[in-house]
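Asker: Turn these sequences into a full structure, and let the hints steer you where they fit.
Residue numbering for the sequence shown is 1 to 375, as defined by full-length UniProt numbering.
Quick caveat, the hints were computed from the structure, so don't treat them as lab data.
Computed from a prediction, not measured in an experiment: that's the story for all the values here.
Every residue, glycine too, gets a C-beta built ideally from N, C-alpha and C.
Computed Cβ-Cβ distance ranges for the label pairs, DEER-style:
1) SER86 x ASP112: 24 to 34 Å
2) LYS110 x PRO359: 28 to 38 Å
3) ALA170 x ASN227: 30 to 40 Å
4) LYS88 x LYS110: 27 to 37 Å
In silico DSS-like cross-links for lysine-lysine, where the CA-CA straight-line distance does not exceed 25 Å:
5) LYS95 x LYS209
6) LYS150 x LYS110
7) LYS209 x LYS230
8) LYS230 x LYS207
9) LYS90 x LYS194
10) LYS207 x LYS110
11) LYS177 x LYS164
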Amino acid sequence: MIRWKFLTLSRKKKIMFLLMLLLLLLVATINTRYKVLKMIDKNSFMYFNQTEKESEIITNNLYKTQLLNLTEINDLIPTAIKTMQSTKQKNTLAKEMEILSHIIFDSVEKNDAIVYTTVIIISSHVNYRNRRNMIRESWGNSNNWITNEKYLVVFFVARITDAKATIQMADESKVQKDIVFVDIIEDFYLLTKKVIIELMWAKKNVKFKTLLKGDDDTFINIDNIINFVKSIDITDGYFGNVIYNGRVKRYGRYGMSKIEFENDYYHPYCSGGGFILTNSSVYKMTSIFDLNKVFRIDDAYVGEIAFQAGITARHQRGFYMNNGICKYFKETCVTHPADNPGCNSFLLSRSLINNGKLPRNLRLENYACSDKNVC
Numbered sequence: 001m002i003r004w005k006f007l008t009l010s011r012k013k014k015i016m017f018l019l020m021l022l023l024l025l026l027v028a029t030i031n032t033r034y035k036v037l038k039m040i041d042k043n044s045f046m047y048f049n050q051t052e053k054e055s056e057i058i059t060n061n062l063y064k065t066q067l068l069n070l071t072e073i074n075d076l077i078p079t080a081i082k083t084m085q086s087t088k089q090k091n092t093l094a095k096e097m098e099i100l101s102h103i104i105f106d107s108v109e110k111n112d113a114i115v116y117t118t119v120i121i122i123s124s125h126v127n128y129r130n131r132r133n134m135i136r137e138s139w140g141n142s143n144n145w146i147t148n149e150k151y152l153v154v155f156f157v158a159r160i161t162d163a164k165a166t167i168q169m170a171d172e173s174k175v176q177k178d179i180v181f182v183d184i185i186e187d188f189y190l191l192t193k194k195v196i197i198e199l200m201w202a203k204k205n206v207k208f209k210t211l212l213k214g215d216d217d218t219f220i221n222i223d224n225i226i227n228f229v230k231s232i233d234i235t236d237g238y239f240g241n242v243i244y245n246g247r248v249k250r251y252g253r254y255g256m257s258k259i260e261f262e263n264d265y266y267h268p269y270c271s272g273g274g275f276i277l278t279n280s281s282v283y284k285m286t287s288i289f290d291l292n293k294v295f296r297i298d299d300a301y302v303g304e305i306a307f308q309a310g311i312t313a314r315h316q317r318g319f320y321m322n323n324g325i326c327k328y329f330k331e332t333c334v335t336h337p338a339d340n341p342g343c344n345s346f347l348l349s350r351s352l353i354n355n356g357k358l359p360r361n362l363r364l365e366n367y368a369c370s371d372k373n374v375c
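Answerer: See below:
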């Protein structure tokens, strides 16, 4: 009868019942220990009247009695608590599997034996093959840099309705071996889900020290990135061009309703054009990701997840997100925008002059890309 009533209780009441039972068992155990201690105190004078061997036997027996009580306590841990821990792990695994299930194909050629100094994840569009090729030929080409550190450049593209362009992208991926195609509609308001998949893919498929998330209209100075990464001395890193006190817009392209995001200000976050996360940060943040609980501003979303994981966004010199005039800075790590071939070529040339790969060129060094006949 009691068993039947227990089975009809709600899950919450079952857990409360089991916790109460555990409390009663603990009280009973403490009472038993108290009696043992009283016995020790009562018979302590016996030690002075026993031989050394007899005293040792008494001590060992008392120790075994206490050890038995500890074992009993361990065996009586409520199954409900263990079940709750197991359920949490299963839920986390289920979320990870759901995220990874959106990968249609992965053509990336990677070396499982290498721990990459940085993995560079670039969000691209199926139709922007010219941008991907420009990256492969410029800053994505390892021959242009002096570093010997290992890094990997990976492009993520999403679904569009143009079947011909999608087939061409698939053919491109077979040749280049650097594209991951995901089952998310290519849309500005779905970029957050794309970023979630990108970071989860890195966690599950590559060994890395840091991850650089960028877009296909940025220029990245690999030598400066590697030098910066090697200087990082904190475990949970999140670096870039930090936006502080960003006010949540309620209208327009970047607008969000109170239902989507209740606060009036975002926590500090790095601009999405380019930011760096350490390995530890990626692992902590991906454990919080949920495709069913996102909001549309992808870089602000990453900042909110970082905040929940206890990770601080840190402003780093060299991340220029509004460099519309294509100005070169010696310390450039990531600069945006740089989708214009002339700008990309100018930034690469200046970078190669700086690292010694190209000879000095006073014309390039004394003028900006925006100047006439420079780019």
